[in-house]
Amino acid sequence: MSGTDSRDTSVSFGDEPWEFISRTDAGRDVIGSTKGRKAVASSCTHHAVLTRSRVFRPSTHCQHCGCSLSPWVESQDQASDQEASPLFAKLPTEIRIYIYELLFQSSASDKGVLVRRGPGYSRPPSVLSLLLTCRRIINEAETIFYATNRLIIADPAFITHLSLVRRKAVSRITILASSAAATFSLLEPLHRFPNLTSLWIARRCKVQFIDVSSWRMMAKQMVDTIHARRQLQEVKVINLPTDTLSPDEEEMKMKLDEIDARLENAAQGRRS
Numbered sequence: 001m002s003g004t005d006s007r008d009t010s011v012s013f014g015d016e017p018w019e020f021i022s023r024t025d026a027g028r029d030v031i032g033s034t035k036g037r038k039a040v041a042s043s044c045t046h047h048a049v050l051t052r053s054r055v056f057r058p059s060t061h062c063q064h065c066g067c068s069l070s071p072w073v074e075s076q077d078q079a080s081d082q083e084a085s086p087l088f089a090k091l092p093t094e095i096r097i098y099i100y101e102l103l104f105q106s107s108a109s110d111k112g113v114l115v116r117r118g119p120g121y122s123r124p125p126s127v128l129s130l131l132l133t134c135r136r137i138i139n140e141a142e143t144i145f146y147a148t149n150r151l152i153i154a155d156p157a158f159i160t161h162l163s164l165v166r167r168k169a170v171s172r173i174t175i176l177a178s179s180a181a182a183t184f185s186l187l188e189p190l191h192r193f194p195n196l197t198s199l200w201i202a203r204r205c206k207v208q209f210i211d212v213s214s215w216r217m218m219a220k221q222m223v224d225t226i227h228a229r230r231q232l233q234e235v236k237v238i239n240l241p242t243d244t245l246s247p248d249e250e251e252m253k254m255k256l257d258e259i260d261a262r263l264e265n266a267a268q269g270r271r272s
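Counting from 1, one number per residue, gives the positions in the sequence shown under full-length UniProt numbering.
In case anyone wonders, no lab produced these hints; they're calculated from the structure.
Check the hints yourself; a few may be wrong.
Distance condition first, Cα-Cα at most 20 Å in a straight line; then the derived PhoX-like pairs of lysine-lysine [claimed, not checked]: (1) Lys206 <-> Lys236; (2) Lys253 <-> Lys236; (3) Lys220 <-> Lys236; (4) Lys206 <-> Lys255; (5) Lys168 <-> Lys220; (6) Lys236 <-> Lys255; (7) Lys168 <-> Lys206; (8) Lys255 <-> Lys220.
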């Protein structure tokens, strides 16, 4: 996400959307949606005001300057020492990384995990809430989710607002193809993923409801776009299973199969 954008991003394990943190370019944390954002400001050098935080704390006074703290203030004196945590004090980095990998890997990671920019309302807690605990965990674990799971993307806005650190971790993506134009809009920003090696294109409609003419018209642009991604090793087009087809629908399917073969061959540098 960019440093100026405060909208939330969510992921889904199965059908449940999950909220997670994004570290901004300015080094300030934006947590959740616009309504749940933690904006950090300073009223003295020893404490930070957490505006509109979800956590309520009773009024108190700063032990250093004597100024009154609002109910939304977190005193740095009350913060736990990270080094005293058993996670950091007793476990080596290699073990912590292994724990993060087990925690963040979805049981459906091979099929994919739906990721999207979510609406601005609160969501249930998830395993990704771990990233809200401290900056050290963010530094150690924020890319693991992206590296271990295949991301399913339906909205190009998710791609354009994902940080470079996280984009570099992504190697497998599935884009949801609702139409030829929508597919092309998702193919174009894939250059933002420098380590992308596997791309699946999953059509969301059965052949009876696909505008084959638009796919034929845009096929060359799609092939050129895929071919330009030199690091891609695999492109696969996934179609929904079909029922009994009429002769006209069989002809449509044959044309789509030809287009799909061109897209898949583009990853291997073969133009048709």
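Checking against the hints above, which ones are violated? 5 and 7
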